[in-house]
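Whenever a hint applies, use it, and build me the whole structure from the sequences.
There are 2 protein chains.
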Amino acid sequence: MARMIAERADALPGLAEVFREYGYAGASLSLIGTATGLGRGSLYHFFPGGKQEMAAAVLADVAGWFDAAIFTPLEQADDPRAGIDAMMVEVDRYFRSGQRACLIGAWGLGATRDPFADSIAGYFRRWIAALQTLLARGGVAEDHAATLAQDVVSGIQGAVVLSRALNDTSLFRATLGRLTARLYTALAAA
Amino acid sequence: MARMIAERADALPGLAEVFREYGYAGASLSLIGTATGLGRGSLYHFFPGGKQEMAAAVLADVAGWFDAAIFTPLEQADDPRAGIDAMMVEVDRYFRSGQRACLIGAWGLGATRDPFADSIAGYFRRWIAALQTLLARGGVAEDHAATLAQDVVSGIQGAVVLSRALNDTSLFRATLGRLTARLYTALAAA
DNA sequence: TTCCAATTGTACCAATCGATAAAGACTGAT
DNA sequence: ATCAGTCTTTATCGATTGGTACAATTGGAA
Chain E
1 MARMIAERAD ALPGLAEVFR EYGYAGASLS LIGTATGLGR GSLYHFFPGG KQEMAAAVLA
61 DVAGWFDAAI FTPLEQADDP RAGIDAMMVE VDRYFRSGQR ACLIGAWGLG ATRDPFADSI
121 AGYFRRWIAA LQTLLARGGV AEDHAATLAQ DVVSGIQGAV VLSRALNDTS LFRATLGRLT
181 ARLYTALAAA
Chain Z
1 MARMIAERAD ALPGLAEVFR EYGYAGASLS LIGTATGLGR GSLYHFFPGG KQEMAAAVLA
61 DVAGWFDAAI FTPLEQADDP RAGIDAMMVE VDRYFRSGQR ACLIGAWGLG ATRDPFADSI
121 AGYFRRWIAA LQTLLARGGV AEDHAATLAQ DVVSGIQGAV VLSRALNDTS LFRATLGRLT
181 ARLYTALAAA
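Protein chains in written order, with UniProt numbering: chain E, 1 to 190; chain Z, 1 to 190.
These are calculated hints, taken from the structure and not from any lab test.
None of the values given here were measured: they were computed from a predicted structure.
Take the hints with a grain of salt, since some may be wrong.
[Unchecked claim] Not close to chain E: a few residues of chain Z, all C-beta gaps over 10 Å, as computed: (1) Glu21; (2) Asp79; (3) Ala141; (4) Tyr184.
[What the hints assert, rightly or not] Just some of the chain E residues that point at chain Z, by a computed CB distance under 7 Å: (5) Ala106; (6) Val161; (7) Ala165; (8) Leu166.
Built from N, CA and C at the ideal position, the CB exists for glycine as well.
Right, dumping it as structure tokens:
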């Protein structure tokens, strides 16, 4: 009966989808079981800490993905404009043009955040810092780079909320475009 | 045993707080009972439809509050700038400078929205329309007013997410200030 | 005072919750 | 062939879930 295929990491995508859609409290073990294709035994084998460990693993996985796919490329981009473009492309893909919620942002809003407050804050701090670094390297004044980076990360989160609520993918993409334009303008003025 | 004091409306604030903090699934009847000071009997007397009716009532209450305190004043403001200022003051107060989540925005992100998708979308549409109307009356070009209104509502939602995640009230207020400045600039150019 | 409708407390329901335990099935290495 | 270790199934736990039923109690109208 053992597949030897299953690793802990294989369960994470399904796990993340359930948590994202139903929230921490709403993600029951039956839903999790269905989404991951794993029985209770397997789940508790991979996550002895239970639901809380599953949530922590998902959070770490999402944060890790953003780190590798967005934050680090952002910091290491040769051309600031190319770095920004790459970020926006990945953001649009990841959030499915605003139809997919931000798990970390959503958990930050409710009581779920308490056990994970540091991870959640760290994720956003890292994102802002990476963007700020890029802008500063592009010649943007430090304080302007800081507020601009905040505005962009905040603007993306707002676009996720609004475009999901209105069920409007074009709104998300248009907002990303406007945020990109603001970044370009700041770089051009520098 | 009867108090004869309690009305259905008296339960709404506590109800809203629980739903906001714990989400729909996480808001158990015990939590709701504690927060409202009402037993199961009273709750099901006022809300025969159970949890779902409680949620719908809270949603309608929040939307009604915004309508009366923000949207309508926005539409009827004599001076666009004064209308904007009043909105920002109320927004900052309502969201407690970003420490209080937006119940409607949060529910729009997850599976909870399904039964309430129309109400949630209507809330945001109304907000954007009111702001857009104000800008248009201030002489801002229609398409510019539309995108600007979207950006501001989206920006407020993003600021709630970000400032709550970072536990930073000054970030929320600063973002509101920058959004206000953008609106002023558009009005000045008109 | 009597009575009625509104409100509340209590007990209870089946279903599901998260979690545990133990036995079984499979693997790779010896 | 055997063994240790990995993974899965199944059954089950006590607690809690949302919801119901009903009697007790109340304030106000008659």
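Going through the hints against the structure:
no.: 1; hint: Glu21; result: violated (5 Å)
no.: 2; hint: Asp79; result: holds (27 Å)
no.: 3; hint: Ala141; result: holds (16 Å)
no.: 4; hint: Tyr184; result: holds (16 Å)
no.: 5; hint: Ala106; result: holds (5 Å)
no.: 6; hint: Val161; result: holds (4 Å)
no.: 7; hint: Ala165; result: holds (4 Å)
no.: 8; hint: Leu166; result: holds (5 Å)
In the structure shown, a violation is registered for the earlier hint numbered 1 alone.
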